[in-house]
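With the hints as extra help, turn the sequences into a complete structure.
Those protein sequences? They're chains A and B, same order as listed. Residues in the first sequence are numbered from 0 upward in steps of one, following numbering that gives the first Met the number 0. Residues in the second sequence are numbered from 0 upward in steps of one, following numbering that gives the first Met the number 0.
In case anyone wonders, no lab produced these hints; they're calculated from the structure. Note that the Cβ used here is the ideal one computed from N, Cα and C, for glycine as well. Just to be clear, a hint being listed does not mean it is correct.
Chain B regions said to be covered by chain A (calculated; three or more residues, Cβ under 8 Å) [claimed, not checked]:
{"no.": "1", "stretch": "2-9"}
{"no.": "2", "stretch": "47-58"}
{"no.": "3", "stretch": "88-94"}
{"no.": "4", "stretch": "98-112"}
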Amino acid sequence: MFKVHEKKKTGIKSLKELPGDIARTAEATGIEETERHRSGSFFQLDESAVFAKVISRFKGQMEIMDTKDALEKYDWLYDYYWKLVDRDKDKYTKKADEEFMGGYFLRILKGKKITVPIQSCMYISKQRFRQNVHNIIIAEPRSEVQIITGCTISEDIGAAEHIGISEFYVKKGANLTFTMIHNWNRETKVRPRSAALVEDNASFISNYVILKPVKDLQMYPVATCVGKNSVARFSNLLHAEKKSIMDVGSKVELLGDGSRAEVISRAIAKDNSKIIARGLLQSKNPTVKAHLECRGLLLGDKSAIHAIPELIATGEGVDMSHEAAVGKIAEKEILYLMSRGLTRDEATALIIRGFLDTRILHLPSALDNMIKGLTERVAEGL
Amino acid sequence: MHNILEIKNLSVEINKKRILNNINITIGQGQSYVMFGPNGSGKTTLLMALMGMPGYLVKKGRIIFENKDITKKAVDERARLGIGIGFQLPQEIRGVKLLDILKISAGKKPNQELGSDEKRLIKKFMLTEMLERDVNLDFSGGEKKRAEVLQLLFMKPKVMLLDEPDSGVDLESLKMIGEEIQRYVEKNNASALVITHQGHILEHMRAEKACVLLKNTIYCYNEPQKILESIRKKGYVGCLRCMKRRRQE
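Written out as structure tokens, the structure reads:
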């Protein structure tokens with residue numbers, strides 16, 4: 000059913016060369032056409048990496064390129080390629096391997112602090128297209144970086160499929176924050192497959208935001224805290240509507256002494272949608288600390304949320320906890336706000352906006368404001 | 000002086016159980032009215048019914064606000080007409096910041112700034128540090144009370160309904176809350192209906208009229224100080240005895 004296109008598109012010199020509708024759709028996932036507040040950009044249009052650039056101020060501090068080109072350029076990259084995600088894991092990883100279309104390779108050089116976010120966009124513009132990308136992100140020792148990734152599709156096209164493999168290597172003392180925003184349509188099937196390896200005193204922060212309908216999304220990124228005092232944090236803001244099915248989980252395995260993890264999700268299901276919110280913390284090390292939290296909000300009586308928080312502790316003294324709560328908006332909260340003069344609808348919107356709390360993402364204010372803008376639009380649309 | 004709030008023969012049920020019977024209270028503009036009563040006498044129920052909270056079913060009687068019958072109006076409509084309520088147990092709302100709700104109370108949009116008077120009041124109410132916190136969540140008793148009264152002041156209501164503003168609050172906060180309510184009422188010629196169990200708030204604000212709610216109905220109207228003295232001396236047991244005596248007469 001899905002086609003694979005071999006023909007490559009020609010690259011562009013600036014994101015401003017993107018067709019207007021594509022630029023606008025990408026913008027809704029945080030991609031700045033002007034690159035004004037970005038240190039670098041990558042743009043994958045269907046099967047082709049059409050743009051990869053580091054702005055001059057950050058040249059020599061990091062590299063962005065098509066994964067295909069990077070594999071040609073660096074032999075050593077094969078030590079990272081398909082090393083965290085198993086290429087035989089499922090039919091999607093196999094497809095991504097067989098029909099490899101590139102993706103981005105991102106490398107932050109040792110000790111470099113990239114103070115301005117890097118942006119990358121995975122864009123589908125063709126109907127019945129299956130996009131298979133493979134991203135490799137390496138934050139070298141003591142480097143710091145903020146990455147924002149937007150994955151999206153042209154509005155007017157129907158069915159499509161996105162498979163994205165992402166392998167994150169966060170080396171000693173590095174800090175990597177990865178924020179991914181998905182905007183699909185009701186007919187898109189989405190299968191990200193991600194894994195991260197976090198070394199000594201390093202931190203990996205992964206934020207995921209999906210607010211628009213999707214046909215079927217399933218992802219379960221895994222972070223392995225191998226290093227001493229390593230940190231992994233996953234935060235998800237999920238809003239499912241229409242007939243969307245979202246099965247989103249995060250797993251952290253804590254191996255290193257003093258490693259810490261946090262998995263937080265906020266899930267809203269309305270209409271006939273269904274969300275499965277998973278989380279798994281696993282450790283046998285008594286010096287670690289980890290917490291898992293899942294809050295779900297049901298709007299309407301046909302939606303469903305299935306929260307599956309799991310803790311696997313082997314050995315004495317392992318400190319891990321979880322809390323999960325699923326329910327509808329408390330009438331008492333609505334009435335309290337109505338007593339301050341808000342209508343019922345306004346009160347409901349405010350509670351939903353508050354529920355999709357971007358503070359859990361711990362983003363710098365510019366990115367936080369952008370995502371807050373997206374959640375506000377969702378709340379107002381109710 | 001015209002009447003701002005008239006409660007006429009009001010009877011209220013919760014879950015088909017009669018909680019209030021034939022309540023009559025008239026509050027004039029600029030007047031503060033105190034309602035005393037022991038726990039369980041129905042004081043909170045009256046305020047909830049006045050605010051139009053669902054579940055507090057008016058079975059008989061009417062509520063008149065500025066000469067208009069509001070008995071059937073929804074909570075938010077009453078709030079917008081100028082009735083403000085300060086709850087005894089304010090609701091916690093996760094994700095809604097104190098700053099959000101203060102802006103709402105002040106009739107401002109989320110992206111609008113508060114005015115300088117409002118900012119000064121926030122400081123005075125010692126709530127600057129709490130602005131970014133989720134409203135009432137893990138607030139201390141005093142913080143909740145201060146936040147509640149502050150929201151009311153921002154709303155600029157014509158009538159304030161205050162449910163035990165003096166319970167569970169430290170003396171310093173109590174003084175400040177009482178004085179600010181008094182200042183607001185005087186400055187705006189506003190009215191208040193204040194529920195108090197022990198009457199402590201009256202040390203800091205003035206009230207013109209008072210009544211005692213006992214066993215689901217108002218049993219005595221008098222000057223606030225007289226009722227307060229009697230309750231302080233004899234407790235509500237004294238009120239009960241008096242009620243019995245009157246019935247026998």
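Exercise. Three or more residues of the stretch 47-58 of chain B near chain A by CB distance under 8 Å?
Worked result: holds (count 3)
Problem set entry | Proximity test - 8 Å, beta-carbon atoms, the stretch 88-94 of chain B to chain A, at least three hits | Coverage by chain A holds here, the residue count being 5 at a Cβ distance below 8 Å.
Exercise. Given as covered by chain A, does the stretch 2-9 of chain B meet the bar of three residues or more with CB within less than 8 Å?
Worked result: violated (count 0)
Exercise. Three or more residues of the stretch 98-112 of chain B near chain A by CB distance under 8 Å?
Worked result: holds (count 5)
The earlier numbered hint that this structure contradicts is number 1, and it is the only one.
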